[in-house]
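J.: Knowing the structure of chain A, use the given hints to seat chain B on it.
Respectively, the protein sequence lines represent chains A and B. So the first sequence is numbered by this note's numbering: it starts at 27 and just counts up by one. So the second sequence is numbered by this note's numbering: it starts at 7 and just counts up by one.
Please keep in mind that the hints were generated in silico from the structure rather than gathered at the bench. Only a predicted model underlies this, so the values are computations on that prediction, with no experimental measurement involved. Worth double-checking, as some hints may not be accurate.
Selected chain B positions facing chain A (in silico; Cβ < 7 Å) [claimed, not checked]:
(1) I23
(2) A83
(3) P130
(4) G136
(5) A140
(6) G145
(7) E152
(8) L153
(9) V270
(10) I321
(11) I325
(12) V332
(13) I336
(14) T364
(15) S365
(16) L366
Beyond 12 Å from chain A on every Cβ pair, some chain B residues (computed) [claimed, not checked]:
(17) D41
(18) P108
(19) V118
(20) G151
(21) R181
Here a beta-carbon is modelled for each residue, glycine too, at the ideal position from N, C-alpha and C.
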Amino acid sequence: MIDFVQLVILGLLAGGVYVAVGVGFGLVWGVLNIVNLAHGALVIVGGYLTWQLFTVLHIDPFLTLPVDAVALFVLGYTLQRGVVNRIIRAPLLFTFLLTFGINLVIVNILLAIFGSDFRSVTPAYSGQGLELGSVVIPYVPLISLGVAVVLAAALALVLNRTRTGLAINAIAADRDAAQLVGIDLRHAYAVTFGLGAACAGVAGGLIAMIQAITPTAGEPYTLQAFVVVILGGLGRVSATVVGGLAFGLVEAFGQSIPGSGSVFANAIAFGLMVLVLVTRPQGLMGRLR
Amino acid sequence: MIATPASTTRWRRMFLIVGAIIVAYALLAPLTSLDAAQSANVPLLADRLWFRIATIIAMFIVMATAWNIIGGITGYAAFGNVAFFGIGAYTTGMLIAKARWPFLAALPLSPVVAAAFAALVGLPLLRLRGHYFAVASLGVGVAVGELVQNIDYRGQPLFGGASGLFLPIYSIDNRGLFFFYLMSGAAAVAIAVTWWVLRSRFGYGLMAIRENEEAAAVLGVNTTAYKVMAFALAAALTGLAGGIFSQWNVFINQDNAFPIEYNVQMILMALLGGTGTVFGPAAGAVLLQLLIQFLGGTLPISFDIPFVSDTVRPILAQIILGLLLVGVVIFVPRGVIDFFGGRSRLGLSYLRRSLRETSL
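With the rest of the complex left out, here is chain A (with noise of 0.2 Å):
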């Protein structure tokens, strides 16, 4: 009972890395119907952000989450910007190719200027945790769980409350329709992959916390950010919430198979999402639309 306990509380407190993952890459999907390929380096982007304010000038770890989300925001408004607003209107294969390359580009440069060493960013209370009883939860991703959950309803109110949140949203129910009413389509569309790349900058925050990282060690992100939006249902903030955790939980019960270990995560992850596509395809909380 106990372990099963520790297991859900250890499972929700991955998911908050995932939450903090999916929002980002469920706006861009979601609004500009573009799947960000290049979602997962923009989040070791943040990681070594984070990395390098913490072991260059000591500063906390948490402090530099700010940093990363308008660093971030800053690369993601340029890229949509300059390049990826550039092939809207192109078939769906091209998008894909587009955030590929870019992937490409931004992991490669990475690994020019880091190596692939592993790094990782050990504040002093890394390691520590709250012991209730004989359950224990770590501090880190106590936080990073809270910061996730806070990430997601700070993008739900400037989405809903900011008048470029409802621009967005309006281009999210209909582009033409959007622009017809006066809305900057090109501006619009960059601040939220700019939006969406700020949450990816914060998730990789997070993550340089949680594990040691590479260069390459976005890719898997990539690939359960979408599940992680599918899980929940496409479309909305909370539902992706929900989706993270959720998925969270799956990993976790899913690596306390024994002999199974973390090796079938992508394996897991994937398999879930065929699961959830083929039963429920608009996700556990989403609408058909």
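T.: Frame of chain A; chain B shown alone:
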């Protein structure tokens, strides 16, 4: 079409002539390395390194041409075809290394197993469309590689595990030549299959699916069967290339049998040459693979890039490949063959038009 018929046919004829010369040279030059040719003082036109590169190019011709059947003709953006390459490689590899089958008996099973697997996963996957199919197939590519490396049977890795699978060397005179011609044969088969598909009822059904799946179904195309068959056909050809690769390379593991980057390379090749055509993917494979080998510094003719050390060079090659991907997608989305042959005028106006058609 803005192209005038005269200019199109002129370009096309030139392409065919140049292509035929290149193919003839590539197929005949290796023969000069035979002992008989050497003793007759025929100049050596191709050494072992060139065979190796030419064999790799032929391998990619098979993969790009096979991808074209599902991705180009049927219009389903398959992103995980490397799974079939790996399955083909491991089928032949396991039969030779563990069951001690002779190579030529094991090889025909590679396409069969790959096609069977494709039909099995294709049934649920091909119900998905658009993004869902693309990422689900990407997931298959990743997951199969992972499973092959990690499945244990009675405490022993079933498929050689992380240390890979070693095959006995196939003993035959002129091994390099043998595998070059075998892989070229596979490439010829892939191209011939594409040629047949494009002229058959089956192919017209696939194209109807690409253009409008509902309309195709209404017209009486059994879309599910057609899609699964196209997927399995692509898998069989890719698996054949994998099977030849495993015996040629003698050693296979997750890294060289399931390289994720092949997924995108084969698509880029098809795209570069022109999707939906017979020779386009092959032309793209030659161009792109030569470029990759050149950037990687493995071509015999190579030069030192200033300020770039040997360790950074492969990284730089990847960056250039990524930029090329971005550039091709934005500026020449219909492939180089269209770029040279499809329009009456080349140059900036073509690029600008491509850009305007797809930009926001």
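J.: Hint validation: B/G145 versus chain A, beta carbon distance must be below 7 Å. Holds or violated?
T.: 4 Å, holds
J.: According to the definition I'm using, a residue is off the interface if its beta carbon is farther than 12 Å from all beta carbons of the partner; does B/P108 meet that for chain A?
T.: Check passes; 33 Å lies beyond 12 Å.
J.: Have a go at the B/L153 hint: is there a Cβ in chain A nearer than 7 Å to its own Cβ?
T.: 6 Å, holds
J.: For the restraint on B/V332, tell me whether the closest CB of chain A is nearer than 7 Å.
T.: 4 Å, holds
J.: Less than 7 Å between beta-carbons is the criterion; does B/I23 satisfy it with respect to chain A?
T.: 31 Å, violated
J.: May I ask you to test the interface hint for B/I321 with respect to chain A, counting a Cβ-Cβ separation under 7 Å as satisfied?
T.: For B/I321, the interface hint holds, since the closest Cβ of chain A sits about 5 Å away, which is under 7 Å.
J.: Verify the interface restraint on B/V270: the C-beta must sit less than 7 Å from at least one C-beta of chain A.
T.: Holds: closest Cβ of chain A sits about 5 Å from B/V270, inside 7 Å.
J.: Per the CB criterion, is B/A83 less than 7 Å away from chain A?
T.: 4 Å, holds
J.: Does B/I325 meet its interface restraint, that is, does its C-beta lie within less than 7 Å of any C-beta in chain A?
T.: 5 Å, holds
J.: Is the shortest C-beta separation between B/G136 and chain A less than 7 Å?
T.: Since the shortest Cβ distance to chain A is 5 Å, the answer is holds.
J.: Quick check for students: does the CB of B/D41 sit more than 12 Å from each CB in chain A?
T.: 44 Å, holds
J.: Beyond 12 Å on every Cβ pair: is that true for B/R181 relative to chain A?
T.: 34 Å, holds
Of the hints listed earlier, those the structure fails to meet are numbers 1, 20, in rising order.
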